[in-house]
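Residue numbers (our numbering), protein chains in the order written: chain P, 1 to 507; chain E, 1001 to 1507; chain F, 2001 to 2507.
Everything labelled a hint here was simulated from the structure, so no lab data went into it. One or more hints might be untrue.
The calculated label-pair distances, taken between Cβ atoms and stated as ranges, are [as the list claims (entries may be wrong)]: (1) Lys1417/E / Gly2437/F: 39 to 45 Å; (2) Gln385/P / Met2204/F: 25 to 31 Å; (3) Glu410/P / Ala2086/F: 55 to 61 Å; (4) Lys2351/F / Ser504/P: 55 to 61 Å; (5) Arg1064/E / Tyr289/P: 22 to 28 Å; (6) His1160/E / Lys2382/F: 47 to 53 Å; (7) Ile389/P / Asp2219/F: 35 to 41 Å.
Where is the CB? At the ideal position from N, CA and C, for every residue including glycine.
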Amino acid sequence: MKSTAIKTGMFSFFMVVLFLTSLNASEDKIDKKAEPNISTQTQACLACHKIYTPGIVEDWLSSRHSKTTPAEGIKKPVFQRRVSAAEIPVELSEKIVGCYECHSLNPEKHKDNFTHMGYKINVIASPNDCQTCHPAEVKQYSDSKKAHAIKNIMENPVYHTLVSTITGVKKIDNNRITTDKPSDITLNETCLACHGTKIEVKGMKKVMTAKMGEITVPDLTNWPNQGVGRENPDGSLGSCTACHPRHGFSIEVARKPYTCGQCHLEPDVPAFNVYKESKHGNIYASKYYEWDFNAVPWTIGKDVKAPTCATCHNSLLVSPDGSVLAERTHDFGSRLWVRLFGLVYSHPQPKSGNTSIIKNKDGLPLPVTFTGEPASEYLIDKTEQDRRIASMKRVCGGCHSTDWTNGHFEKLANTIKETNDMTLSATLLLVESWEKGIEDKTNPFDEAIEQLWVKQWLFYSNSIRYASAMTGAPDYQAFKLGWWELTNNLKNMRDMIDLKEKISKKR
Amino acid sequence: MKSTAIKTGMFSFFMVVLFLTSLNASEDKIDKKAEPNISTQTQACLACHKIYTPGIVEDWLSSRHSKTTPAEGIKKPVFQRRVSAAEIPVELSEKIVGCYECHSLNPEKHKDNFTHMGYKINVIASPNDCQTCHPAEVKQYSDSKKAHAIKNIMENPVYHTLVSTITGVKKIDNNRITTDKPSDITLNETCLACHGTKIEVKGMKKVMTAKMGEITVPDLTNWPNQGVGRENPDGSLGSCTACHPRHGFSIEVARKPYTCGQCHLEPDVPAFNVYKESKHGNIYASKYYEWDFNAVPWTIGKDVKAPTCATCHNSLLVSPDGSVLAERTHDFGSRLWVRLFGLVYSHPQPKSGNTSIIKNKDGLPLPVTFTGEPASEYLIDKTEQDRRIASMKRVCGGCHSTDWTNGHFEKLANTIKETNDMTLSATLLLVESWEKGIEDKTNPFDEAIEQLWVKQWLFYSNSIRYASAMTGAPDYQAFKLGWWELTNNLKNMRDMIDLKEKISKKR
Amino acid sequence: MKSTAIKTGMFSFFMVVLFLTSLNASEDKIDKKAEPNISTQTQACLACHKIYTPGIVEDWLSSRHSKTTPAEGIKKPVFQRRVSAAEIPVELSEKIVGCYECHSLNPEKHKDNFTHMGYKINVIASPNDCQTCHPAEVKQYSDSKKAHAIKNIMENPVYHTLVSTITGVKKIDNNRITTDKPSDITLNETCLACHGTKIEVKGMKKVMTAKMGEITVPDLTNWPNQGVGRENPDGSLGSCTACHPRHGFSIEVARKPYTCGQCHLEPDVPAFNVYKESKHGNIYASKYYEWDFNAVPWTIGKDVKAPTCATCHNSLLVSPDGSVLAERTHDFGSRLWVRLFGLVYSHPQPKSGNTSIIKNKDGLPLPVTFTGEPASEYLIDKTEQDRRIASMKRVCGGCHSTDWTNGHFEKLANTIKETNDMTLSATLLLVESWEKGIEDKTNPFDEAIEQLWVKQWLFYSNSIRYASAMTGAPDYQAFKLGWWELTNNLKNMRDMIDLKEKISKKR
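Turn these sequences into a full structure, and let the hints guide you.
Here you go:
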């Protein structure tokens, strides 16, 4: 393409001028330490991007990637290693991990690969690229529910119906409410902002930039998006930047609770909200500034004195004496025996990260029937549950006595049972409304009593369980999205059934 | 007044004793550096107030005002200047900016000027006083919606009706609900706490103090208040302390998101809430402690790596190479092309900060008609919108590619359209209820279906837009005050109309 | 018990091996400073617990207890003392405050005392134990509402009915909702998580530990729990760890707002929520990192520039010149004249921390009648109210002028009056529904109109008052749980009464 050629020519000139300027501008950072190990391609990237997108260049300059070569990383003692590869391709090994090192990998797989200023660049660096150095993490992640987060919601007809019912634009047609199919953009901003979108390359397009004039870039669908199950143009699943944002690749950010708090939120899955109200959250908020969120391994009592999300769910955690309390994992469900998030009841964790394969006895793609019977063949068994409970208790045991910890888990088990009971009660009222013809079960999510039923399990039962699991947030459990709401809601369902029944009888 | 004279006499004695004591008490702070430049009047203020209100004296001692003279401030390179005046009155120029320097300005304009311990003091330092050194900021602010925030709500009959409907005390009279006129105090604590009150001087009054006995001070109406549009006793509009609190005059505090978060909050304008759940908010919360919130200019990537409210909306923002990404402004709408806050639909920004002058085609003082047609002559045109979009995109471009940024703005445009559609659907149902005589349109805010309609635009549509604009908070958009609520609410409006209709037909 | 004897034997062997190891492992901390003063018993505790629960050992190592002997603490100047005892038992005086020093006290009172590895240990260290060194704090606390928090809710028939109505599991029996008695566990996770549980010793039980095999420990009821009114196995009331968590015994944590924020939360008592939205909360969040939360006494303007909860409610607060603004108290209501929390109206503070003794004119155990008349003989009188208002104003006076402070308190008084009026209006509607037989007053909390009435006082009126008291959170007062909800709720109560009445008339 002609304009590209011109740009490339312009680039050669630019590069000489700008690179010299830029080296000068922050010579203390790039030159002194990194220069000998920085690839010429990355130097070219930096020369322009220091001017065009300086924020991400500075972010990268603050990262470990800009200061360490894979060869250095791989030599560290095993518990201190952040690089899990047994060996690193020789052409990458001795250079710091710069723009080009990541954005040029596996070009044959990347439909988003394009010629940019004379270089072949992928727009999106994917988990498949990251696994060049971090294969263990990518493998763990690939088996998790997170990696399958798109199909788990969009290829499950029940959940898909819920999504469409909520996010489609409603019009008024002759006094009646009609629902459009949700737009791709609104899906990208709501459910799929967390779950991830499918990024495809529609072709190339011209973009007018503020500083470089017109450039030609791949035309991506559903972009930007950084959902955990994003389907990338190279076919891989996931988005590492969801938790290690942009070009700092920070373990600190991922370990702080705000990262998980972008998606695990009130009202459906208020993990972050109840954490903040818990004793652990209180100690974190009061004392975090004294802790070390960058240490690998992470030493309980020294680096971190009260858990954040990552402490319990995925970090490599050791005692001050060096013994391992928990191995690192990027399958975030792997220490969990029960799935608190009720669909529509809380149930044992699924065996596979791909939950769209589940069928319950009623033939529905749900892990539990409407009356609470689990689809056991798709869920982990008692032995595996016990193994995982024991692994989680080892984390608790870093600070708490066995009896205390046992008492905590007994409370959680009771909470699960009672909130499941409260969900069952709501389901029985819903069924009554269907059987009496008061509401129509075709779509179980679009009428008033149905909406109350959804709140019972999706908001209230779930909220109470998360609060219970985090040993805190009593006001959440009592009033805010808790027992008060569970109780009121049942009464409101009962009243609404009675009212609609009476009105219809009088017709 | 006799007692004042006595006090003044007492003061002379006090001053000698206390001033010596006080200088001694914190000599390290006042003496060493500041003493040569501190006015004798301010020394007198400090001598007493160190004892009577030590907290604000310490606050001031931590401020730049206590350490710098205007003459020093005015000499700085242009991008580092915090003083925008071309020249400073000579009597102020060489003294640090102390109590008396601010609280004695323009006494002829200040109805709140009074004799206090022998000095003529204004109770309230106003924007008109601040502009002695900061005229550019005050001018920008004076043209903004914030400066006109009182009349924008109280002199608009529609909004005023909403205010009165909500905040008036309701009594039960013969089983019916009656609504009193809202009290001035409750207005001051609710709407006008943010919008600002009108401060007038009723006269003088005696106040019994804990340490000084009885003193005589101006008797102010609607005081205390620090709302952004406060009408001051000198006739000026605004309250700088709303964002630069009390006597620290901190740029750091103003740039941190908690300041904006005092007013821009759930459920009507949840900017702060969605920011906290966004990627930007996550990075801020995780890494802010490494950034410099006092630097002028503010360098992206160095001083600040993810935006706070001020980054996008008003700070002077530069690249590490010194090029300007955005000029400083204290007209907080000046980088905005669209007003997300729907009244009752989202619409282009108004031309004037005074929105009480707007009239739409229906003759109502609203920027949009009930069916969504904008009152275009009062709103900025396409050219101005494009200019402002470009200015905002330059800020985004500090870190993001042009294509990414364009994708973000496309998402926002779609969100505005779809949430406007969802508001229109609610409006059509409301109109149906009015036409059928189910509810009465005289006051459009005081009946049950009307209240649901208000929620549709004021809470739910607005919330989704703010979340979309900040490229985050997907759970907010999906469930919490988002699409789930928009959808349920329409169904509830529909059911309520049907129910009330059926009941009334059976009479 | 035989197995205990065996364990004790094992322990002797373990101790020699482990203690030597452990000393080596963190010799820098224990040895250098603390060793000479550390008791042999505590050394034995640490030897094992460094391995079994390292987190709490590290927490203790960071505490003042691990570094100071009571003899040193008692010698400090009076305002700097954290130890209020006039003298300390000689056997404790010269040793740092380690595991054994606290967990072995008053064994004759502790039903939870047991032989653990050869030592007689109490599972729970109680306020009665803490008062060995901190008698003034325990005495103040013992007189407070917090110490009586269990009986204040569970022995008051009205509140107990509310608790049972909310937290009991509901079943559907023949289409009707039935309510079970709440389980002890759910009470422990909801109301009693904050209020406290009654901990009793049922006997001994065997517990299988991960690292030590089976051990025998007391079998405690309702454990774990750290509620403020916890009834301990030694008969004492309270849980110091509720605010000074676990083994850091931190004054910093207790002074930061997150601690109070574990229980004083949205929607019934949103003190923490409104604080965060207030000007004080904004300044705290922006600048806390520069303040000293460990200083005793706490100097306004130097150590702390904007109040946290503890500043106004209980810390020893001084001016930079050393004069006392407020004495330390651990009776958290002692600076309060009014009880904002309406039951069902806001009223003067009760005289006794035990509120279960109150009877109003209607014979109900409530501080106010249903129509708003206070049970004055149980409440503090005007003189005492004025004394407390003056004490709180002295705190405000650390930064604010007398006139400003007076203006603030006038606003609060008006808010209390108007929210009480709005509660009365809801009560009148409730009474109408009872008198018309629409709902049944037997249980005033379990039907739909009753539930709306509860929201009026428990959520909305209370929220507005907390926001007003903290001079902020205007959006809270206006929309979120504020006047908008108060107003809508009355309308909804009115509509529901009318609707139910019409429906029943048509039967």
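Outcome for the supplied range 55 to 61 Å, where the beta carbon pair is Lys2351/F and Ser504/P:
56 Å, holds
Has the hinted range 25 to 31 Å been met by the Cβ atoms of Gln385/P and Met2204/F?
Holds - the Cβ-Cβ distance for Gln385/P and Met2204/F, about 29 Å, lies within 25 to 31 Å.
Is 39 to 45 Å right for how far apart the beta carbons of Lys1417/E and Gly2437/F are?
51 Å, violated
Take a look at whether the Cβ-Cβ distance between Arg1064/E and Tyr289/P falls inside 22 to 28 Å.
25 Å, holds
Are Glu410/P and Ala2086/F spaced within 55 to 61 Å by their CB atoms?
Violated - the Cβ-Cβ distance for Glu410/P and Ala2086/F, about 44 Å, lies outside 55 to 61 Å.
In this structure, is the beta-carbon distance linking Ile389/P and Asp2219/F contained in 35 to 41 Å?
21 Å, violated
For the hint 47 to 53 Å, verify it against the beta carbon of His1160/E and that of Lys2382/F.
39 Å, violated
Going down the numbered hints, you'll see the structure goes against 1, 3, 6 and 7, while the others check out.
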